[in-house]
Amino acid sequence: MKPLLLSAILLALSAQAYADDVTLAEVHLKANNTWMLVSIILVFIMHLGFATLESGLTRSKNTVNILFKNTGVLAIGLLTYALCGFNLMYPGFIDGRDATAVAEAGTAGNEWFGFAGWGIEPPEGYDPLTYADGNYTYWTDFLFQAMFAATAATIVSGAVAERIKLSGFLLFSVVFVGFVYPWMGSWKWGFGWLHDRGFHDFAGSTLVHSVGGWGALAGVIVLGPRIGKYIGGSVKPIMGHSLPLAAIGVFLLWFGWYGFNGGSVLSADPEAVSKVFVTTTLSAAAGVMTAILMSWLVSRKPDLTMALNGALAGLVGVTASADVVSVSSAIVIGMVSGVIVIFGVPLFDRLRLDDPVGALSVHLLCGIWGTLAVGIFAPDQASFAIQLLGVVAYGAASFTCALGLFFLLKITVGIRVSEEEELIGLDIGEHGMEAYNGFQIFLTQ
Amino acid sequence: MKPLLLSAILLALSAQAYADDVTLAEVHLKANNTWMLVSIILVFIMHLGFATLESGLTRSKNTVNILFKNTGVLAIGLLTYALCGFNLMYPGFIDGRDATAVAEAGTAGNEWFGFAGWGIEPPEGYDPLTYADGNYTYWTDFLFQAMFAATAATIVSGAVAERIKLSGFLLFSVVFVGFVYPWMGSWKWGFGWLHDRGFHDFAGSTLVHSVGGWGALAGVIVLGPRIGKYIGGSVKPIMGHSLPLAAIGVFLLWFGWYGFNGGSVLSADPEAVSKVFVTTTLSAAAGVMTAILMSWLVSRKPDLTMALNGALAGLVGVTASADVVSVSSAIVIGMVSGVIVIFGVPLFDRLRLDDPVGALSVHLLCGIWGTLAVGIFAPDQASFAIQLLGVVAYGAASFTCALGLFFLLKITVGIRVSEEEELIGLDIGEHGMEAYNGFQIFLTQ
Amino acid sequence: MKPLLLSAILLALSAQAYADDVTLAEVHLKANNTWMLVSIILVFIMHLGFATLESGLTRSKNTVNILFKNTGVLAIGLLTYALCGFNLMYPGFIDGRDATAVAEAGTAGNEWFGFAGWGIEPPEGYDPLTYADGNYTYWTDFLFQAMFAATAATIVSGAVAERIKLSGFLLFSVVFVGFVYPWMGSWKWGFGWLHDRGFHDFAGSTLVHSVGGWGALAGVIVLGPRIGKYIGGSVKPIMGHSLPLAAIGVFLLWFGWYGFNGGSVLSADPEAVSKVFVTTTLSAAAGVMTAILMSWLVSRKPDLTMALNGALAGLVGVTASADVVSVSSAIVIGMVSGVIVIFGVPLFDRLRLDDPVGALSVHLLCGIWGTLAVGIFAPDQASFAIQLLGVVAYGAASFTCALGLFFLLKITVGIRVSEEEELIGLDIGEHGMEAYNGFQIFLTQ
Amino acid sequence: MKLIIAYIQPHRLNAVKQALFEKEVVKMSVTTALGCGQQMGYHETYRGAGIEVNLLKKIRIEIAVTEPYVQTTIDAIISGARTGKIGDGKIFVTELTDCIRIRTGETGDDAVG
Amino acid sequence: MKLIIAYIQPHRLNAVKQALFEKEVVKMSVTTALGCGQQMGYHETYRGAGIEVNLLKKIRIEIAVTEPYVQTTIDAIISGARTGKIGDGKIFVTELTDCIRIRTGETGDDAVG
Amino acid sequence: MKLIIAYIQPHRLNAVKQALFEKEVVKMSVTTALGCGQQMGYHETYRGAGIEVNLLKKIRIEIAVTEPYVQTTIDAIISGARTGKIGDGKIFVTELTDCIRIRTGETGDDAVG
Ligand SMILES: Nc1ncnc2c1ncn2[C@@H]1O[C@H](COP(=O)(O)OP(=O)(O)O)[C@@H](O)[C@H]1O
Ligand SMILES: Nc1ncnc2c1ncn2[C@@H]1O[C@H](COP(=O)(O)OP(=O)(O)O)[C@@H](O)[C@H]1O
Ligand SMILES: Nc1ncnc2c1ncn2[C@@H]1O[C@H](COP(=O)(O)OP(=O)(O)O)[C@@H](O)[C@H]1O
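Residue numbers (the working numbering), protein chains in the order written: chain F, 1 to 445; chain A, 1 to 445; chain G, 1 to 445; chain Y, 1 to 113; chain V, 1 to 113; chain D, 1 to 113.
To be clear, the hints were calculated from the coordinates, so they are not data collected in a lab. Here the structure is a predicted model, which is why all the values come from computation and not from measurement. Keep in mind that the hints are not guaranteed to be accurate.
DEER-style ranges, computed between Cβ atoms [as the list claims (entries may be wrong)]:
{"#": "1", "chain 1": "A", "residue 1": "Ser383", "chain 2": "F", "residue 2": "Tyr126", "range": "54 to 62 angstroms"}
{"#": "2", "chain 1": "V", "residue 1": "Glu22", "chain 2": "D", "residue 2": "Thr104", "range": "46 to 54 angstroms"}
{"#": "3", "chain 1": "D", "residue 1": "Glu24", "chain 2": "Y", "residue 2": "Pro68", "range": "33 to 41 angstroms"}
Glycine included, C-beta positions come from ideal geometry on N, C-alpha and C.
Chain F with its partners taken away, still in its complex shape (with noise of 0.2 angstroms):
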């Protein structure tokens, strides 16, 4: 046993000589939080994604006005998360499913609700080391999820485009951003009573976008259409001013979608991180693939705003179980999210819901779908029946609140703005000011 001692001697001299300066623990949260802070760096970005792709599909004469929401919606999330949301959203209640936890809490863990205060602060006795297992500090914490806050409201931005009053939406925001997606949120990620239930949503196919698209959909309904959207019985399209902004939208979308799911890991987990990766993509591109094969032969040609709301709806079709379906899973859920969108925005213009980005198709019905399959294909995970359970309690409560806030407002500080100044655009109406200085451009729609 001499070599043995020996070499282990020999080792810690070697190992010593860094024992001083930095231990395996620093170095492995240091590689997880690394991770985490990319994550955040690529959701941020979605940001730009989201007001490209909206301003894209809408008309020029609206452009300054959704590029003005979703940079204030942004600031309005990040700043409102820090003062409320965070300590909304995780408000510490105990890991109901972990048997121990439970136990010492005495309580079966049915939270609803709760709040641990205003502002951003690290815990009492706070050790990046040991606050998320080494796998990230107390701040990307926070950050990772502000960005996120921020989408449910982007989301909304789209569907009421071109007709919503600045100062009304900006106040939806608030309230939206600050209080409702965060407080639901607690329901499953703040280990709330959906937790509790086994209720499966990895990185948000329900608790952002469905959120986000059922938001959409009482701004949609108070609202009502744009002029001219609809015409007797018929639908006359209102084109996008510019595909090249909406491409590079649904790309800097699926671009920071790495960061949405990937950094839903929780850490850098080399196995877990790189087959959400997979997952994400083949979904997205069954999506485009979809797309593209059924509007060309649904409409004999095939349409571009079709093949990216494709991409889109593969990404939020697999974020609430990336982490858990099989390759061919993932790519079959992206192959239905791409049919639903081809067949879910003809479907709203059939019932009057005017949605000029296409929000209610992409985040709202994908999202629903996304979350049902995780029943279908990873049943062990969680039960169709606990995901319907999530839903259905998520549609009804985010939905409620939407439609309650948007009457509000409406009764309130109005949120449709005048005939006149839909006609002119809101770029001029809400801003005094045009996106496209000097460019002779038709307003006749």
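Take the given structure of chain F and dock chains A, G, Y, V and D with the ligands to it, following the hints.
Chains A, G, Y, V and D with the ligands in isolation, oriented as in the chain F frame:
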């Protein structure tokens, strides 16, 4: 020796605290894999770079078509690579240059073709920690290579733009990305015969860029020039419709190239990756400078599109050697690349080879130059002769396959749109959609 | 104690399994260096941000010129920094604040100027593991700093846009980025005299942004305003031609800022970097909010360009202190920055200083504010007095150098284009090329 | 023959086209224009500085018609464009000496339709 | 003097310019226009909904000429623009009462050229 | 009534508007145009190939005026547009048979103003 023993024990104790939850090997894999994941994301966004560059350098009446092609090709590339590409490119050839491996295999290793089966699935007894000596997981491996695959077809897309039939191009892409590219890739990166002979192509000056460039050349020859490009003896420039889009494209490509080259180190090796960053960056910068100076001299006024192409030229040029050349060599390689692109573009025009975006000069010529440059600036790595062999082999194979494919498509589905459609634009012709609704645009070209 | 000893040995064994292929120190370097590489990429893309922001806020007839300048400056900056900049900025001054070092050097360390030689090459006996205490490699070090360098000149580019001669500007950039910026940088980051005196500028509110801002001021003064900007007593706004481009620019800049500030931690230290992320983000958000509210109050309609500038203002403002201030202080810094930009823009107009993109308000004013803010919100880090000294020193030096340079160029190559060229636009004048071919655009301004 | 030039509010174009089609006036040419008239402009602010914009976006329609169609055409345009609000626009009628159809070389009234 | 207005297919502009130059008609003004005529439009689909587009992209040329040049100009335009396909366009001829060259103040025929 | 059509250099538009307003001519319609005339074009190069551009950016102003205003309007345009350099542009005067204000249906001189 007591103190030593003691320290050994103390260290053991402290280390043990983490020994149970994470090992050095795991952290090592995390650190490596995280970088590879970032590289995947960076290569992904290059597809947006191609989409914007190509649409910016072409006319507004074909913008929807180009964006559509780039979206479609990406989806096709990813799915076909999952279906068969990956296993065609990495069929499990034995590393013929590894003496022992060869001995065991009892073969000199001169593999030409292999296929490891349909679909993707980790190998038997797969362990992420050992799959690639703790550098990346199976999923990371697949996805990084998959992102590369689509690139080859995208290079073609730019050169054949504004006149190729959508259906024909998409069919071409399926075969080119799904079979041709991975099959030829196996010769080198799959440990095939060119690898055995010591051919050096770090990140794909030849395997990706020249291969794509040869495909583009074949397409350009079969299609013929755009209407109005060559009238009588003279060249009529057909101007791109949006140089901001083109600039966005080039910057995004440069941005993504850090993943393209940096990721090709296939680990986060600090010294290797950072050195690759420096050679890549300075070669690109040098390409810009010479392109600027040359175009200033040649046409009295500095040409933005040439400056932008110069950056790409430098990037393509250094891609084969970024890991083995010195900083100064990298700068020289970039400078030469910049000159090549300046003279390449008019050269192809003189040959009546109509390439709207300059893909032939950037990807084909600079790809060849970059590959040969290895033999010049790093002869210890690979002889000029073997590099030349590689260039010729890939050129012959890629050009022949592409030419055959295009001819086949020409006599079947057809590959060129009607003159009428070309005049009104492929956006309306192929997609019944315009890229810039409402904008008043001269379509005199 | 036997079990302990045993465990020590067992651990030794297990650890040894990896001891031969990777050490903790190596993994540590990887984790750190990977983050620094990501930061490099992020700072790189800021140059696209500048390019799009500047072209978006100016007229379409000068777009090609602006994109060209930004591309050229980047290439020039990178190459000159490799040639001499890096060794001018880090001439190897002794850390005068490190007692022992001073003792050894026997100097109080008040270095003003130094040069470590031409070109880049790792130091004698270079070992990546020890080069920067295992935080990054020599190559990472160089490239991260090189990406910063070009920024300073790019800031100037925006302020002098739409009237400066291309040749004159490029020559200015060579000197400013190649010598002025790195020389002044050495005072602080190169361990020069300001470092010795305890001046604090985390990521360059002063070293990068103010320095660029002062250069811009000098340029604006020497050039004079654009034709038609100031007529009689009144200010005639000259509107930007594409606010979507401008928005893309600001979001990309914000995106890149995570590398600009996050990377300035010079390691992947989880707590430090994530804290910097939070302060940076919330300051930007606060800047947006105050800019929105102020412009709403001041001009009755909320101004998108101001909201966007507000984000940049907040980012510049917090750059000097992101590592040392509390979350609430960061928010306050951002709010003040937002107000500064709102009043700064019209202020400079009243002074007849024509700055098309607002670089003076954003980079100069907020850069100064941010530097002083360190003395206010983190007096323990640096006294207000020393911060003021830094601001004054850099202001005096940068402004004088830039002013001298511009005058020299004015009397030699000339720096302003002819009135005729300014009217028809620099795109045709300097480049014989248009940015938006075919688009019908009013050139009445 | 007359050449009728009408300036209308952009968003009335569809209504005007509709009205014209009903009267079997199916040929016309349309361009964008900036118009300055009784209709007051609006106030724009850009980066702190304000500016009065009095050139408003309008649509210019040009229609060549044979004498019998002149009044019908004018009435159709009015019925489609009138909102009663300032800014509705104007119709200008000028003499058309001749009209040639490029494809066939036909001239005069035959070429108009 | 006459003011000749021609609507042609966008891609014929260069040919028309060529033809005019050969006849020494070197002065003209060009704008884009949307035209509705015999030429049928095309069908666009956007996000599932279809729409008939009957306003097609055209080029509008305006040329002021002195009497002796009228026919030459018309012929030149026709020779450059005719493809024989529907959509070739129209030429409208109107009286030009006067013409002034801003730079010199010249009027009438002298100003036209 | 006359319909006055003027082609001017883009950057002179504000000056021309100013001059017209002073003469109480406050109604006009403006479009962009490409003009080919005595003014030589410029040389563009794109990716190594050169091209002569002889269609220059111009502004087209259309003003309907009553007889008494014709000369005033022409003078105002000239005073605002003249720089003495080639390319200043042209003014074309054509007969205006009738003018109708869509909003009120007024016709003739009353409708012009
Ligand atoms: N005398 C004119 N000459 C040229 N265009 C005119 C003239 N008068 C009116 N217009 C055009 O008609 C548009 C509407 O005219 P305006 O006076 O604003 O409306 P209304 O005639 O209903 O009061 C103007 O914007 C302008 O484009
Ligand atoms: N009566 C008209 N008034 C105004 N523009 C017309 C008229 N007739 C034709 N045009 C213009 O000429 C273009 C070509 O006319 P069209 O009837 O389509 O071709 P063709 O005359 O060869 O059948 C139309 O798109 C329109 O712009
Ligand atoms: N005969 C014409 N027909 C139509 N437009 C004309 C004619 N002559 C001049 N123009 C317009 O006037 C503009 C200025 O004319 P040009 O000859 O260049 O200037 P100048 O008359 O001062 O020499 C031209 O660009 C063109 O748009």
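These are the hints, each one checked on the structure:
no. : hint                                    : result
1   : A:Ser383 - F:Tyr126: 54 to 62 angstroms : holds, 59 angstroms
2   : V:Glu22 - D:Thr104: 46 to 54 angstroms  : holds, 49 angstroms
3   : D:Glu24 - Y:Pro68: 33 to 41 angstroms   : holds, 38 angstroms
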